[in-house]
Amino acid sequence: MAEVIKTGTYICKGCDLGHRLDTDQLENIATGEGGAVLAKQHDFLCSQVGVEMIREDIDKGEINRLVIAACSRRAKTEAFRFDDIAMTRVNLREGVIWIRPETDEAKETTQEMANDYVRMGCTEVKFMHTPDPSHEQTLNKHILVVGGGYTGMTSALESSKAGYLVTIVEKSDSLGGTAGKLHKKVPTHSPYRDPEDTGVTELTALIAADPNITVHLQSKITNTEGAPGRFTVSISAESGNTINETFGSIIQASGFTAYDANQLTEFAYTDNADVITQLELEALAKEASGGAIKRPSDGKEVERVIFVQCAGQRSQKEGHLSYCSGFCCNTSIKQAMYFKDSNPDIYTNVIYTDLRTPGAGGEDFYRSGQDKGITFTKGTVNTIANNNGNLSVNYKDIILDEDSTLDVDLVVLATGMIANSGVNIDAVKEDEDADSTEVAVPVESILNLQYRQGPDMPQLVNGFVDSHFICFPYETRRTGIYAAGPVRRPMDTKQAADDATGAAMKAIQAVENAGKGRAAHPRSGDLSFPSFRKEGCTQCKRCTVECPFGAINEDEKGYPQYNESRCRRCGTCMGACPVRVISFENYSIDTVGQQIKAVEIPEESEEKPRILVLACENDAYPALDMAALNRVEYSPYVRVVPVRCLGSMNTIFITDALNSGYDGVVMMGCKKGVDYQCHFVKGSEMAHYRLSKVADTLQTLNLEEERVAVHEVAITDIKRAPQLIDDMAKTIEEIGLSPFKF
Amino acid sequence: MSDLNTQLVEKYRNNFLQEVKDNVEEGDWVKMCMQCGVCSGSCPMGPYWDHPPQEIFMMIRANKREEVLSSNSMWMCTSCYNCIARCPRELPITHIMHGLAHYAKRLGLAPKNQPTIKFSQLFWDNLMKKGRVNELKLGLSLYFMNGFAEGVKKAWKMKDIGLGMTLTRRLNPLEILGGHGVKDQTGFQNMIKKAQELEAARIESSVKK
Numbered sequence: 001m002a003e004v005i006k007t008g009t010y011i012c013k014g015c016d017l018g019h020r021l022d023t024d025q026l027e028n029i030a031t032g033e034g035g036a037v038l039a040k041q042h043d044f045l046c047s048q049v050g051v052e053m054i055r056e057d058i059d060k061g062e063i064n065r066l067v068i069a070a071c072s073r074r075a076k077t078e079a080f081r082f083d084d085i086a087m088t089r090v091n092l093r094e095g096v097i098w099i100r101p102e103t104d105e106a107k108e109t110t111q112e113m114a115n116d117y118v119r120m121g122c123t124e125v126k127f128m129h130t131p132d133p134s135h136e137q138t139l140n141k142h143i144l145v146v147g148g149g150y151t152g153m154t155s156a157l158e159s160s161k162a163g164y165l166v167t168i169v170e171k172s173d174s175l176g177g178t179a180g181k182l183h184k185k186v187p188t189h190s191p192y193r194d195p196e197d198t199g200v201t202e203l204t205a206l207i208a209a210d211p212n213i214t215v216h217l218q219s220k221i222t223n224t225e226g227a228p229g230r231f232t233v234s235i236s237a238e239s240g241n242t243i244n245e246t247f248g249s250i251i252q253a254s255g256f257t258a259y260d261a262n263q264l265t266e267f268a269y270t271d272n273a274d275v276i277t278q279l280e281l282e283a284l285a286k287e288a289s290g291g292a293i294k295r296p297s298d299g300k301e302v303e304r305v306i307f308v309q310c311a312g313q314r315s316q317k318e319g320h321l322s323y324c325s326g327f328c329c330n331t332s333i334k335q336a337m338y339f340k341d342s343n344p345d346i347y348t349n350v351i352y353t354d355l356r357t358p359g360a361g362g363e364d365f366y367r368s369g370q371d372k373g374i375t376f377t378k379g380t381v382n383t384i385a386n387n388n389g390n391l392s393v394n395y396k397d398i399i400l401d402e403d404s405t406l407d408v409d410l411v412v413l414a415t416g417m418i419a420n421s422g423v424n425i426d427a428v429k430e431d432e433d434a435d436s437t438e439v440a441v442p443v444e445s446i447l448n449l450q451y452r453q454g455p456d457m458p459q460l461v462n463g464f465v466d467s468h469f470i471c472f473p474y475e476t477r478r479t480g481i482y483a484a485g486p487v488r489r490p491m492d493t494k495q496a497a498d499d500a501t502g503a504a505m506k507a508i509q510a511v512e513n514a515g516k517g518r519a520a521h522p523r524s525g526d527l528s529f530p531s532f533r534k535e536g537c538t539q540c541k542r543c544t545v546e547c548p549f550g551a552i553n554e555d556e557k558g559y560p561q562y563n564e565s566r567c568r569r570c571g572t573c574m575g576a577c578p579v580r581v582i583s584f585e586n587y588s589i590d591t592v593g594q595q596i597k598a599v600e601i602p603e604e605s606e607e608k609p610r611i612l613v614l615a616c617e618n619d620a621y622p623a624l625d626m627a628a629l630n631r632v633e634y635s636p637y638v639r640v641v642p643v644r645c646l647g648s649m650n651t652i653f654i655t656d657a658l659n660s661g662y663d664g665v666v667m668m669g670c671k672k673g674v675d676y677q678c679h680f681v682k683g684s685e686m687a688h689y690r691l692s693k694v695a696d697t698l699q700t701l702n703l704e705e706e707r708v709a710v711h712e713v714a715i716t717d718i719k720r721a722p723q724l725i726d727d728m729a730k731t732i733e734e735i736g737l738s739p740f741k742f
Numbered sequence: 001m002s003d004l005n006t007q008l009v010e011k012y013r014n015n016f017l018q019e020v021k022d023n024v025e026e027g028d029w030v031k032m033c034m035q036c037g038v039c040s041g042s043c044p045m046g047p048y049w050d051h052p053p054q055e056i057f058m059m060i061r062a063n064k065r066e067e068v069l070s071s072n073s074m075w076m077c078t079s080c081y082n083c084i085a086r087c088p089r090e091l092p093i094t095h096i097m098h099g100l101a102h103y104a105k106r107l108g109l110a111p112k113n114q115p116t117i118k119f120s121q122l123f124w125d126n127l128m129k130k131g132r133v134n135e136l137k138l139g140l141s142l143y144f145m146n147g148f149a150e151g152v153k154k155a156w157k158m159k160d161i162g163l164g165m166t167l168t169r170r171l172n173p174l175e176i177l178g179g180h181g182v183k184d185q186t187g188f189q190n191m192i193k194k195a196q197e198l199e200a201a202r203i204e205s206s207v208k209k
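Protein chains in written order, with the numbering used here: chain A, 1 to 742; chain B, 1 to 209.
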């Protein structure tokens with residue numbers, strides 16, 4: 001591109017900037033070293049007049065690169081929104097004057113800070129281009145719902161109501177899933193006293209009457225490829241027919257499988273017909289339909305029944321589930337009511353260790369159960385034995401601290417949920433490495449994704465599909481494919497319905513964003529996308545492996561193949577690339593690297609160190625902004641560069657920085673691990689991994705290891721983030737300045 | 001074991017919770033306990049009695065009739081109302097404790113040598129004589145509750161307080177000669193008698209029901 005770069009720098013004098021800083025000096029730097037064709041000062045840049053001034057210069061073609069030197073890039077985003085030009089923001093307010101004291105001694109270093117930030121902004125913008133979508137995108141308002149259970153049906157109806165076409169693929173011969181097998185459900189409305197109708201019949205009828213919804217029963221997905229906006233999916237029916245259709249996005253509502261109670265030998269499930277699971281009791285209750293429930297062994301009407309909570313759950317024993325399935329306490333209360341409502345004289349006892357009744361009405365429902373005369377015993381069941389046709393339940397009463405035995409007709413085990421999340425793609429990898437002799441149970445893939453990283457969605461813990469529990473629950477690590485219902489975490493129908501609605505909304509967003517070539521969460525609306533210089537690529541495949549979202553496939557020759565609408569624009573690929581050929585239009589090795597080099601490094605004799613901070617724009621950078629808002633002071637020797645994700649950090653940045661005379665480098669990313677807070681899931685983890693190898697580089701440079709630090713910083717670390725910077729300043733004071741100052 | 005007790009055991013075989021519900025003041029609330037233990041943690045007498053309220057409620061559900069009714073627990077309650085104020089399920093725990101105590105006493109199952117029970121009986125007997133509490137006699141009977149020698153010792157120990165109270169006219173020594181009472185003595189005795197008849201009838205009907 002032989003385009004002439006015409007940078008315009010606009011310096012704001014409002015918010016005390018004009019008073020605290022020498023803005024004329026900043027203007028000179030912009031037009032001098034910064035190479036700007038014009039630099040203007042304004043008393044109130046974010047006012048209509050200020051913004052119009054900038055707009056006019058852009059429209060007249062005076063400038064094609066824009067630098068706004070004012071407040072943080074997180075402030076005044078609406079006023080300073082110029083989508084048609086490559087622009088950057090220089091943070092003079094939160095980044096400089098708010099974190100420095102207004103004293104005569106501090107004046108010099110404060111001005112130096114501002115000068116450097118203007119240099120950095122003017123340099124960065126030279127390497128930026130206006131983002132332009134690839135035009136590969138298509139608007140496809142058709143959503144695929146995998147699974148026709150309660151979650152799937154709700155998603156389908158919600159999407160249809162919003163005006164989207166929906167196709168449901170269900171492997172069994174009817175809609176309804178597990179909810180369809182229930183007699184009644186836990187109440188969802190005040191006064192939360194009695195079990196209520198499941199509503200599955202109504203949902204099924206609504207689906208049948210909805211012209212926007214197509215249902216494929218007894219069908220499976222045998223192939224999925226493409227990206228949001230253009231997923232090509234093969235739906236194969238049991239009869240052998242396969243149809244191929246294109247979808248805009250996918251909702252995976254594949255539900256759960258009940259835990260196999262045969263593994264619970266202490267409860268004699270296998271040997272006793274009268275020891276049943278909650279799901280089996282639902283079938284008995286459905287049969288009785290409000291009348292007396294009869295036990296399976298001899299058809300005797302049940303007079304005494306015990307519910308055993310946490311059967312094979314919340315236990316570290318081999319073969320047990322370590323987690324709580326969340327729905328079973330409420331379910332046992334509901335099922336005890338099946339008995340109590342038909343005959344209040346039936347003895348019902350729920351043996352629990354911790355009774356948990358989630359949901360708005362949970363506590364009321366528990367109270368209603370007690371009111372109806374259900375006994376609740378805090379204890380753990382030791383054994384269940386057959387005693388002349390009856391069952392002897394031996395349990396330990398935790399409150400009275402003694403063992404007791406109760407004779408009953410029926411025992412109901414509250415067993416847990418196991419997610420139907422398909423193939424565990426990470427386990428497959430581990431198995432290959434470990435060369436294990438154990439024969440793994442073959443798991444059928446649900447989506448059969450033709451992605452480089454495996455046929456199903458990545459899991460986090462306990463086999464549930466990875467999604468951030470608090471911050472972005474419906475997001476998964478496969479853009480445009482959303483998990484909803486018990487495949488994401490254990491839940492009941494009420495929660496599943498909420499989940500389904502949320503996932504439907506995300507699926508709609510994905511469709512619309514894909515149609516416009518815009519990124520999905522968390523950089524929603526970003527039009528830039530990664531590209532690579534093919535002649536430089538060594539086909540090392542690191543980008544394709546490390547992409548947290550499986551956005552990159554490989555072509556026949558082993559070159560990366562980007563799927564723009566799958567990409568979340570985190571830049572993890574950019575950080576991964578050893579030859580640094582991957583870049584975005586407005587974010588690249590150059591935009592970051594050149595900023596680092598633009599900082600003026602003072603002579604060693606001046607005794608002014610320089611510390612580079614690479615801060616994640618999602619958490620660490622806002623934390624620093626908020627610290628500034630609270631006027632928390634930190635070292636004036638620091639230069640902060642916001643990055644999209646710490647995962648986009650290439651080790652070259654650190655080597656370059658240290659080579660050019662920086663005394664220390666601090667990197668701030670989000671929390672990693674199982675309880676991660678990284679918006680790009682794996683970015684922070686990748687960065688930590690890569691930086692664990694940076695010690696070698698430091699050794700070859702003959703530098704102290706302490707000069708480079710990586711921290712996990714949360715958005716709430718308002719006091720800690722500035723402290724970490726000051727800590728580095730102190731460390732440098734102790735170990736002395738870098739010898740690399742020229 | 002009293003006759004009434006035998007009848008009740010017969011009637012509520014294996015369902016003590018129901019027996020408590022039918023016969024104990026506020027007993028219907030017992031089933032609503034969720035075993036959080038806040039009452040036990042809040043009780044200032046907690047360390048001194050056999051079973052804290054949470055355990056008593058659990059024992060009722062576990063059919064431990066004898067153990068509950070013969071325990072000293074509910075007699076240790078000082079009616080401070082901490083448990084009621086803190087119970088998240090809003091159980092009237094203090095009232096249930098007194099209800100249980102009353103029920104145990106009626107059935108003759110309450111522990112024999114429990115001081116609170118003895119004192120309660122002294123108080124009741126004292127009150128029933130004239131319809132008013134004779135504090136001097138009540139105090140003295142409390143001193144001599146456990147025998148003559150101990151009574152003299154205790155009275156001697158308390159003599160200064162007694163003297164001080166007399167001087168400040170908080171205690172009238174002449175009360176020893178009989179003391180004051182309600183105006184209508186016959187009316188009072190008739191009223192109590194009627195109340196006792198009503199109560200007896202209620203229990204009888206409850207046993208038969």
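No lab work stands behind these hints, which were simulated from the structure alone. Among these hints, one or two may not hold up.
Claimed, not checked - Over the 12 Å line for every Cβ pair with chain A, so calculated as not near, a few chain B residues:
no., residue
1, Val30
2, Ser40
3, Phe57
4, Met58
5, Lys64
6, Thr116
7, Val133
8, Gly151
9, Trp156
10, Asn172
Stated by the list, open to error - The calculated DSS-like cross-link candidates involving lysine-lysine, where the alpha carbons are at most 27 Å apart (straight line), are:
no., chain 1, residue 1, chain 2, residue 2
11, A, Lys6, A, Lys107
12, A, Lys340, B, Lys154
13, A, Lys494, A, Lys340
14, B, Lys208, B, Lys118
15, B, Lys208, A, Lys372
16, B, Lys154, B, Lys137
17, A, Lys300, A, Lys184
18, A, Lys597, A, Lys608
19, B, Lys118, A, Lys372
20, B, Lys154, A, Lys396
21, B, Lys137, A, Lys340
22, A, Lys372, B, Lys194
23, A, Lys340, B, Lys11
24, B, Lys118, A, Lys396
25, B, Lys118, A, Lys340
26, B, Lys64, A, Lys372
Heads up, the beta-carbon is just placed ideally off N, CA and C, and yes, glycines get one too.
Each hint tested on the structure:
1. Val30: With a cut-off of 12 Å, B:Val30 comes too close to chain A, as the shortest Cβ separation is near 10 Å.
2. Ser40: Not fine: 10 Å to the nearest Cβ puts B:Ser40 too close to chain A.
3. Phe57: Not fine: 9 Å to the nearest Cβ puts B:Phe57 too close to chain A.
4. Met58: violated (4 Å)
5. Lys64: violated (8 Å)
6. Thr116: At roughly 24 Å from the nearest Cβ of chain A, B:Thr116 sits farther out than 12 Å, so the non-interface label holds.
7. Val133: At about 40 Å from chain A, B:Val133 clears the 12 Å cut-off, so the statement holds.
8. Gly151: Per Cβ check, B:Gly151 is outside 12 Å of chain A; nearest 40 Å; holds.
9. Trp156: Holds, because the least Cβ-Cβ distance between B:Trp156 and chain A comes to about 46 Å, which exceeds 12 Å.
10. Asn172: holds (51 Å)
11. A:Lys6 / A:Lys107: Roughly 32 Å between the alpha carbons, so the hint for A:Lys6 and A:Lys107 is violated.
12. A:Lys340 / B:Lys154: violated (58 Å)
13. A:Lys494 / A:Lys340: holds (24 Å)
14. B:Lys208 / B:Lys118: violated (31 Å)
15. B:Lys208 / A:Lys372: holds (24 Å)
16. B:Lys154 / B:Lys137: Given pair B:Lys154, B:Lys137 holds - Cα atoms ~14 Å apart, limit 27 Å.
17. A:Lys300 / A:Lys184: Holds, because 23 Å separates the two Cα atoms, which is no more than 27 Å.
18. A:Lys597 / A:Lys608: holds (17 Å)
19. B:Lys118 / A:Lys372: Violated, at roughly 39 Å.
20. B:Lys154 / A:Lys396: Not satisfied, since the Cα-Cα distance of roughly 48 Å exceeds 27 Å.
21. B:Lys137 / A:Lys340: Answer violated: B:Lys137 to A:Lys340 is near 55 Å, above 27 Å.
22. A:Lys372 / B:Lys194: Violated - the C-alpha atoms of B:Lys194 and A:Lys372 are around 36 Å apart, more than 27 Å.
23. A:Lys340 / B:Lys11: Roughly 22 Å between the alpha carbons, so the hint for A:Lys340 and B:Lys11 holds.
24. B:Lys118 / A:Lys396: violated (37 Å)
25. B:Lys118 / A:Lys340: Violated. B:Lys118 to A:Lys340 sits at ~43 Å, over the 27 Å cutoff.
26. B:Lys64 / A:Lys372: The given pair, whose Cα atoms are some 21 Å apart, holds under the 27 Å limit.
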